[in-house]
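Using the hints provided, position chain Z relative to the given structure of chain V.
Spelled out from the first residue to the last, the chains are:
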Amino acid sequence: MSALALRLAARELRGGLAGFRVFLLCLILGVGAIVAVGQVRAALQDGLAREGRVILGGDAELEFTYRHADAQERAWMEDRAAAVSQVTAFRSMARLPSGDAALARVKAVDAAWPLVGEAQFDPPMTVEAALSARDGVPGAAMERVLAERLELAPGDRFLLGDTEFEFRAVLLREPDSAGVGGFGSGFGPRLLVREAALAEAGLIGPGALYEVAYRLLLPGADLAAEKSAAETRFHDAGMRWRDARRASPGSERFLDRMATFLVLVGLAGLGVGGVGISAAVRAWMERKTATIAILRSLGASAGLVRAVFGLQIAAMTALGVTLGLALGAGLPLLAAPLLAPVLPFDLDFALDPRALAEGAVYGALVAALFALWPLARRLGVPAAALLRDIGPGARAWPGAGSVIAAGGLLGALAGAAAFFSARPMLALGTVAGVGVALALLWAVGAGLAVLARRAARGGLADGRPVLRTALAAVGGPRSEARAVVMALGLGLTVLAAIGQIDGGLRRAVATDLPARAPAYFVLDIQPDQLAPFSERLAGDPLVEKVQTAPMLRGVVTRLKGRPAREVAGDHWVVRGDRGVSYAAAPPPDTRIVAGEWWPEDYTGPAQASFAAAQAEELGLALGDTLSVNILGREIEATITSLREVDFSSAGLGFVLILNEAALRGAPHSAIATIYAPPEAEAGLLRDLTRAFPNITLIGVREAIGQVARALGQVAQASSLAAGVTLASGLVVLIGAAAAGEAQRAREAALLKVLGASRRTILASFALRAALMGAAAGVVAVALGLLAGWVVIDRLMEAEFRPALGPALWVVAGGAGANLAAGLVFALRPLAARPAGVLRAP
Amino acid sequence: MTDPVLALDDLRLTLAGGAGPVEVLRGISMQVGRGQSVGLVGPSGSGKSSLLMLMGGLERPTGGRISVLGRDLAAMDEDALARFRRDNMGIVFQSFHLIPTLTALENVALPLELAGAGDAMARARAELDAVGLGARTHHYPAEMSGGEQQRVALARAMAPRPAILLADEPTGNLDAANGAAIMDLIFALRDRHGATLVLVTHAPELAARCDRVVRMADGQLAPEEAPAEAATGADQ
Chain V
1 MSALALRLAA RELRGGLAGF RVFLLCLILG VGAIVAVGQV RAALQDGLAR EGRVILGGDA
61 ELEFTYRHAD AQERAWMEDR AAAVSQVTAF RSMARLPSGD AALARVKAVD AAWPLVGEAQ
121 FDPPMTVEAA LSARDGVPGA AMERVLAERL ELAPGDRFLL GDTEFEFRAV LLREPDSAGV
181 GGFGSGFGPR LLVREAALAE AGLIGPGALY EVAYRLLLPG ADLAAEKSAA ETRFHDAGMR
241 WRDARRASPG SERFLDRMAT FLVLVGLAGL GVGGVGISAA VRAWMERKTA TIAILRSLGA
301 SAGLVRAVFG LQIAAMTALG VTLGLALGAG LPLLAAPLLA PVLPFDLDFA LDPRALAEGA
361 VYGALVAALF ALWPLARRLG VPAAALLRDI GPGARAWPGA GSVIAAGGLL GALAGAAAFF
421 SARPMLALGT VAGVGVALAL LWAVGAGLAV LARRAARGGL ADGRPVLRTA LAAVGGPRSE
481 ARAVVMALGL GLTVLAAIGQ IDGGLRRAVA TDLPARAPAY FVLDIQPDQL APFSERLAGD
541 PLVEKVQTAP MLRGVVTRLK GRPAREVAGD HWVVRGDRGV SYAAAPPPDT RIVAGEWWPE
601 DYTGPAQASF AAAQAEELGL ALGDTLSVNI LGREIEATIT SLREVDFSSA GLGFVLILNE
661 AALRGAPHSA IATIYAPPEA EAGLLRDLTR AFPNITLIGV REAIGQVARA LGQVAQASSL
721 AAGVTLASGL VVLIGAAAAG EAQRAREAAL LKVLGASRRT ILASFALRAA LMGAAAGVVA
781 VALGLLAGWV VIDRLMEAEF RPALGPALWV VAGGAGANLA AGLVFALRPL AARPAGVLRA
841 P
Chain Z
1 MTDPVLALDD LRLTLAGGAG PVEVLRGISM QVGRGQSVGL VGPSGSGKSS LLMLMGGLER
61 PTGGRISVLG RDLAAMDEDA LARFRRDNMG IVFQSFHLIP TLTALENVAL PLELAGAGDA
121 MARARAELDA VGLGARTHHY PAEMSGGEQQ RVALARAMAP RPAILLADEP TGNLDAANGA
181 AIMDLIFALR DRHGATLVLV THAPELAARC DRVVRMADGQ LAPEEAPAEA ATGADQ
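Those protein sequence lines, which keep their order, are chains V and Z. Numbering-wise (the UniProt record's numbering), the first sequence opens with residue 1 and increments by one. Numbering-wise (the UniProt record's numbering), the second sequence opens with residue 1 and increments by one.
Isolated chain V (complex conformation):
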């Protein structure tokens, strides 16, 4: 790189940045989005690592299902730890004497809680003041939503089981939200009480569904060594270990996935920006034709000219990337107040080198890739040809060197995506997907141009000057169709896909499901309550159907004689504990598809009936054995029948049912589903919770509502990310519309000369913009429908019906956005006097 090239490039750049506005904006937006996501991810990861002890509630946690540690186990913990705290979590109904009741996630803590961090209450008070007994009545704190639902004010009393509690304060922040009963532990607002107060409530008996966690303070301990010691001590005791090194693996996984997804959406945005970069470089090179020709004719070598223009692009790229990095580093500071209320710790936004490097590398590679082609095509034209044709026409095949360079840049981009992403295959798939989508959109743009040309030639436009000029602009020389369809299409495609998937999921969850789902799902029915429970409901004319089943929880430990994880990997059936039931006869509506159900009085070796679809996924067949650990007891059973189970109806569906004799002796409770119309729900809730204070009713309608709301939030976050792609697309559109302003001004002036009114001219401009925008929208909807079908029909195996509303919005949005961009830049040409425009060179 010679000093001369640098000097010439610097002189050229003195003209200012006017021609680079779109180039810079595209780069800044794309890089900024990627860096912002990376910065937030880094801050959250940092927070999780830093506050690991606090959000776990100690250095380590040992968790048991449906039981407390026995005295020896507890002594082992107290031997090793500086302090031990016990937390019990389960679901129950908080009731008012009047009969009103609401589901709550109860967390019962001991006097040592919290070992680490602080709980916050409104009004401010200590844990002791909030929970300890006063006048013989224990205290309780709860989330505001629960207090509001039960219309409780501090000092009011309510029932949990048979025990009375006094509501003392609203729970604002629980430090150990990642521990047991924390993130992802199910529906219902939190209710905090003292464990000692529960003893009389009769809620934690045999067969009740609860979890107990012991948090340990292990100052200075080697957590890895502690973990292995605990696993040795509690082998086969159903203990789960977690420690502060990875306090919340679920949150980490979610964070990683979300960040990977958002960075990839940012990359798609940068891809759209690439279209703008390419168009901007092409326009800029056209303006530089005379300079190139003159440099060549004065004796500058092709290499020098390449260096001069390459350096200018490099300088602009450096500027765009730098501003993008600044934007990306600054944006999270604005987002911090939005995240603060939902996080159990404060975010600390330090500059994250990895996020900055990721944005810079992507930005530089995309800019180089998309600038290379128009640069090379123009620089390949011989000087004589340039001088002969100082205008926009001359372009040449850029040569093998440029093709190799483009290939190298594409390879580097794919390599960078794979390197930076936690999921390399997904990243490579995204790069390939963006490439294929852009190629497809280019083809559709080109196809639209050909169609427009054919339509005009075929006589469609005869006698219709508005249509003729519009079709000519879409299909004629220097058509904007390809650029517009590419710029708008990709962003709209992402939006359309989100719209279709979101629409499909919502319909499945919020419309189709409630039609078939029960009104209530009932837990914790004790065996002796089952008969009066069923009788009571049988006498209620509003109840349509009641199904009950015994319910135990068990972990599938072995399949076909081998450890289950080895056979099934991470399949959900072997992940954690599952509901297991038993029955003498097939439950009503059972459809056995293979094998035979055991005789009703069967008492031989344990037999199992397995869900047919899951058996197929796990490679299980009739005659295979499986082991399930229930309350510490290992039961081996042979699969003797396969059943069809519909898990999508929210009814009673067990993957695994054993014969009655195998499980009858184990302590357990029963669950039930009650089918009733919505108007019967409130009465049922009041009646059943009053009659059976210990049972828990989960309102399916409310749970479905929560799922639908959560889906809505995910769709909203995804739409926001898609907004980056769309914003890049709009910048490209506006850039294209602005660049075409002079051409439109000339056309408007000429049309006026020939006798066209302003309305005719405006109609022509609007029609061409709407045609191109609608074409982008139609492609986007087609790709969105494909994505929706793949997710809903193929992945979720539900019926996919296109969401017409979002589809129409996308097409209309595409046409509207392009129309708006086109019309804004048509106003000046329309208003200009023809003489002024035509006089200009």
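Hints are computed from structural coordinates only; laboratory data are not their basis. Here a beta-carbon is modelled for each residue, glycine too, at the ideal position from N, C-alpha and C. Do not rely on the hints blindly, as some may be mistaken.
Short, incomplete list of chain Z residues facing chain V, as computed with Cβ under 7 Å [to be verified]:
| # | residue |
| --- | --- |
| 1 | D79 |
| 2 | E113 |
| 3 | M121 |
| 4 | Y140 |
| 5 | A142 |
Just so you have them, the derived chain Z footprint on chain V, three or more residues with Cβ under 8 Å [as the list claims (entries may be wrong)]:
| # | region |
| --- | --- |
| 6 | 752 to 763 |
| 7 | 824 to 835 |
Chain Z alone, transformed into the frame defined by chain V:
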């Protein structure tokens, strides 16, 4: 002169320039009769093209009156002016000014379509045949030479059979042979259709082919001369 096609009375035009207002036309008064051909000559910057723009309603005067076919152009809005041009005028420019996205045939058909003619394409084809471009109907302007583009522009201007043909240095961008061919075409078409012609030119021999030659200097008209005198030096 009875019933003039063009009547200009003390016509003035002042344009905003970088160094302040510039008086482009300073009180032009003249009349052109039906079927007449007028050559407008004068040095660069004398105001010839601006005068032609005013005659075509493409620019608005800052003073005086201009009436075309008895209609006061100053009283018409932009759209009315466009309609008036569509029905009565053909204009040919030095830079051809074809619409680059339309083929030759479409360029010629466009003013006919704007006028609502049902046979626009057939008439446009005939018009291209008349200027010798019947074989190039589907070519875009960028695919044609300057001479060919100007012939398309001429066909476009004449296709609606206008009462008035305004030509602004129509041979200015062409070589001598092409320029001569274009001028022959202009006069042939004018003779055939009887249009009134106003021709701005630097070429004295072209001005000499007109019925009248009007010389301009510094935004004003010089005394009229006979076409034969003009042939000796239109630009001096």
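Hints and how they fare:
With a cut of 7 Å, the hint placing D79 of chain Z at the interface with chain V holds, because the nearest CB-to-CB distance is about 4 Å. The interface hint given for E113 of chain Z is met, as the beta carbon of that residue sits about 4 Å from the closest beta carbon of chain V, less than 7 Å. Look at M121 of chain Z: its Cβ gets to within about 6 Å of chain V, closer than 7 Å, so that hint holds up. A hinted interface residue such as Y140 of chain Z counts as satisfied when its beta carbon comes closer than 7 Å to some beta carbon of chain V; here the least separation is about 5 Å, so the hint holds.
Of the supplied interface hints, the one on A142 of chain Z holds, with its beta-carbon coming within about 6 Å of a beta-carbon of chain V, less than 7 Å. Look at the region 752 to 763 of chain V against chain Z: 9 of its residues bring a Cβ nearer than 8 Å to a Cβ of that chain, three or more, so the hint holds. Taking a C-beta to C-beta cut-off of 8 Å, the region 824 to 835 of chain V contributes 3 residues in contact with chain Z, enough for the three needed, and the coverage statement holds.
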